[in-house]
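Sequences are here, hints too, so could you generate the full structure?
Residue numbering for the sequence shown follows the UniProt record's numbering, starting at 1 and increasing by one per position.
Derived by calculation from the structure, the hints in this document are not laboratory data.
Hints are supplied without guarantee of correctness; some may be wrong.
What the hints assert, rightly or not - Capping the alpha-carbon separation at 16 Å, the derived lysine to aspartate or glutamate pairs in EDC-like fashion look like this:
(1) K314 - D242
(2) K17 - D34
(3) K619 - E445
(4) K495 - D539
(5) K389 - E364
(6) K332 - D321
(7) K103 - E87
(8) K293 - E364
(9) K293 - E370
This structure is a prediction, so every number in the text was calculated from the model and none was measured.
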Amino acid sequence: MINFEGENEGKKRDFTKLELKLDHGNRPLWACADGRIFLETFSPLYKQAYDFLIAIAEPVCRPESMHEYNLTPHSLYAAVSVGLETETIISVLNKLSKTKLPKEMIDFIHASTANYGKVKLVLKKNRYFIESPFPEASWLFLVLKKLLQDEVIGRARLVSENAQGSDGFTISKTAGEIESGHSGLLMESELAAAAEEKETHAFEIDPAQVENVKQRCLPNALNYPMLEEYDFRNDSVNPDLDMELKPHAQPRPYQEKSLSKMFGNGRARSGIIVLPCGAGKSLVGVSAASRIKKSCLCLATNAVSVDQWAFQFKLWSTIRDENICRFTSDSKERFRGNAGVVVTTYNMVAFGGKRSEESEKIIEEIRNREWGLLLMDEVHVVPAHMFRKVISITKSHCKLGLTATLVREDERITDLNFLIGPKLYEANWLDLVKGGFIANVQCAEVWCPMTKEFFAEYLKKENSKKKQALYVMNPNKFRACEFLIRFHERERGDKIIVFADNLFALVEYAMKLRKPMIYGATSHLERTKILQAFKTSRDVNTIFLSKVGDNSIDIPEANVIIQISSHAGSRRQEAQRLGRILRAKGKLEDRMAGGKEEYNAFFYSLVSTDTQEMYYSTKRQQFLIDQGYSFK
Numbered sequence: 001m002i003n004f005e006g007e008n009e010g011k012k013r014d015f016t017k018l019e020l021k022l023d024h025g026n027r028p029l030w031a032c033a034d035g036r037i038f039l040e041t042f043s044p045l046y047k048q049a050y051d052f053l054i055a056i057a058e059p060v061c062r063p064e065s066m067h068e069y070n071l072t073p074h075s076l077y078a079a080v081s082v083g084l085e086t087e088t089i090i091s092v093l094n095k096l097s098k099t100k101l102p103k104e105m106i107d108f109i110h111a112s113t114a115n116y117g118k119v120k121l122v123l124k125k126n127r128y129f130i131e132s133p134f135p136e137a138s139w140l141f142l143v144l145k146k147l148l149q150d151e152v153i154g155r156a157r158l159v160s161e162n163a164q165g166s167d168g169f170t171i172s173k174t175a176g177e178i179e180s181g182h183s184g185l186l187m188e189s190e191l192a193a194a195a196e197e198k199e200t201h202a203f204e205i206d207p208a209q210v211e212n213v214k215q216r217c218l219p220n221a222l223n224y225p226m227l228e229e230y231d232f233r234n235d236s237v238n239p240d241l242d243m244e245l246k247p248h249a250q251p252r253p254y255q256e257k258s259l260s261k262m263f264g265n266g267r268a269r270s271g272i273i274v275l276p277c278g279a280g281k282s283l284v285g286v287s288a289a290s291r292i293k294k295s296c297l298c299l300a301t302n303a304v305s306v307d308q309w310a311f312q313f314k315l316w317s318t319i320r321d322e323n324i325c326r327f328t329s330d331s332k333e334r335f336r337g338n339a340g341v342v343v344t345t346y347n348m349v350a351f352g353g354k355r356s357e358e359s360e361k362i363i364e365e366i367r368n369r370e371w372g373l374l375l376m377d378e379v380h381v382v383p384a385h386m387f388r389k390v391i392s393i394t395k396s397h398c399k400l401g402l403t404a405t406l407v408r409e410d411e412r413i414t415d416l417n418f419l420i421g422p423k424l425y426e427a428n429w430l431d432l433v434k435g436g437f438i439a440n441v442q443c444a445e446v447w448c449p450m451t452k453e454f455f456a457e458y459l460k461k462e463n464s465k466k467k468q469a470l471y472v473m474n475p476n477k478f479r480a481c482e483f484l485i486r487f488h489e490r491e492r493g494d495k496i497i498v499f500a501d502n503l504f505a506l507v508e509y510a511m512k513l514r515k516p517m518i519y520g521a522t523s524h525l526e527r528t529k530i531l532q533a534f535k536t537s538r539d540v541n542t543i544f545l546s547k548v549g550d551n552s553i554d555i556p557e558a559n560v561i562i563q564i565s566s567h568a569g570s571r572r573q574e575a576q577r578l579g580r581i582l583r584a585k586g587k588l589e590d591r592m593a594g595g596k597e598e599y600n601a602f603f604y605s606l607v608s609t610d611t612q613e614m615y616y617s618t619k620r621q622q623f624l625i626d627q628g629y630s631f632k
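In structure tokens:
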């Protein structure tokens with residue numbers, strides 16, 4: 001009998017009935033009736049088992065020796081969306097499992113995958129349709145009727161003038177498809193039958209209601225998850241974009257794997273790819289745009305990252321300068337020709353206030369264009385109310401979200417399942433460290449005792465609003481910060497970023513230590529100048545950043561982070577900050593030769609002891625601990 005904590009705290013689970021197979025020692029995983037799966041990382045079959053599990057289950061925690069995963073309706077929806085069939089999932093799980101698969105797990109997999117692919121969301125000439133194949137299985141016709149009986153979907157329907165069916169559905173005919181590689185195995189008569197025209201019944205929905213309709217179709221509601229695929233090769237309506245990857249752009253194995261989950265059968269699937277910072281998300285995004293070869297709208301979180309994305313497109317692809325443009329408050333460019341790439345920020349698209357005449361024209365073009373690919377960086381920001389407006393304002397055939405941390409403290413991260421699509425791929429951080437693809441970081445929590453005077457003030461009730469300022473400005477914390485900067489600059493020649501969410505502390509520390517700083521009020525020009533000096537000058541080895549540096553700022557030279565204050569217990573922020581130093585350092589052979597103790601990056605979190613900061617610090621570290629990191 002085992003007692004597990006979490007949502008079923010105090011509930012005991014009996015695993016004595018699990019039947020071990022005779023050759024259980026050769027198999028890498030344990031499958032439990034409650035949907036949890038445990039994977040031994042020391043098994044010879046680990047790599048194959050990991051690739052399979054990451055496609056069908058959600059990783060819960062992945063320390064060095066044993067991983068824990070959880071089967072959920074959303075993870076199984078993601079699995080079938082990348083082409084895995086129900087019976088294949090059950091069969092492979094059974095082969096890899098040390099025990100006989102529990103009946104509860106088999107039933108759960110069947111229930112979660114039964115209805116996938118029966119309903120599609122399609123964008124045609126800037127209009128959205130929900131369609132279902134007919135009469136492939138005549139009862140599928142009933143699926144559309146069942147959906148329309150739902151109050152939300154019924155209200156979202158637009159009655160089309162050219163409806164042909166008795167039920168007001170539009171009917172279209174398409175040639176049947178033959179899976180690649182199967183045509184040579186079929187007889188002539190079978191080929192003709194396979195290529196017969198198939199009828200598709202559809203109804204139109206209000207573009208403003210697409211988000212609500214997709215949400216209603218998810219596994220936890222009506223359980224008809226929508227298939228969103230883009231047949232870009234056969235799209236003759238939208239003009240092609242002349243764009244290829246350059247010869248030197250060689251995606252790494254895990255980048256190729258993530259792209260293979262997105263592309264299949266000559267189509268592009270909407271969804272999310274999760275890679276650690278520094279693991280090459282930009283190349284994945286540019287590769288996806290180069291394969292689709294249609295107009296692409298790329299969204300970033302701030303103007304600095306807009307410049308970086310525009311640079312990445314030019315670095316990795318053959319796109320011409322006139323086919324790519326930036327749309328920010330400082331630069332309002334337009335691409336020439338019928339197709340191109342627009343790089344802008346979420347705020348620029350979602351802003352609802354008064355705009356300049358020039359901005360209004362550009363935003364109108366963005367709204368009216370049918371985009372081949374909507375590429376979203378730092379996609380974890382999208383569930384926020386303002387940013388999700390972007391999804392409803394723009395119309396795109398395929399959406400790709402990129403992030404390092406699929407976590408939010410408000411638990412709205414699951415909204416991404418209907419806002420964008422399922423998670424297509426998630427890399428394991430420790431595997432990338434072992435492969436030398438990202439830096440090997442030593443994490444340390446530095447305890448700084450409060451001075452007598454500061455602690456006396458901290459304990460006074462009337463100072464409750466000043467408590468944060470007191471534990472951040474703790475003189476012992478300042479001394480620790482000063483010592484670490486001096487040690488890493490002088491002894492090791494490192495490049496250091498000091499993070500502070502508290503603006504008063506940021507300014508005080510930076511002024512006293514005579515270091516440059518970047519925060520909200522710093523102009524775009526000044527930011528660029530400081531970052532350039534940090535990257536290239538030997539005189540600027542330390543910069544102070546507020547939370548504006550958490551996302552999307554590319555500083556590959558940095559290899560030390562010192563955190564003096566943070567945003568309460570945010571796990572996402574902790575991971576994003578660690579990501580600033582994850583870019584691989586030095587040559588691949590050198591990185592792999594050093595073994596796991598050869599640290600080449602350092603993450604220090606300075607914490608004032610016996611204060612609220614201790615609690616927040618423990619909470620913040622949870623995501624990184626789940627990825628296999630440990631704090632000294």
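Which of the listed hints are not met by the structure? 8
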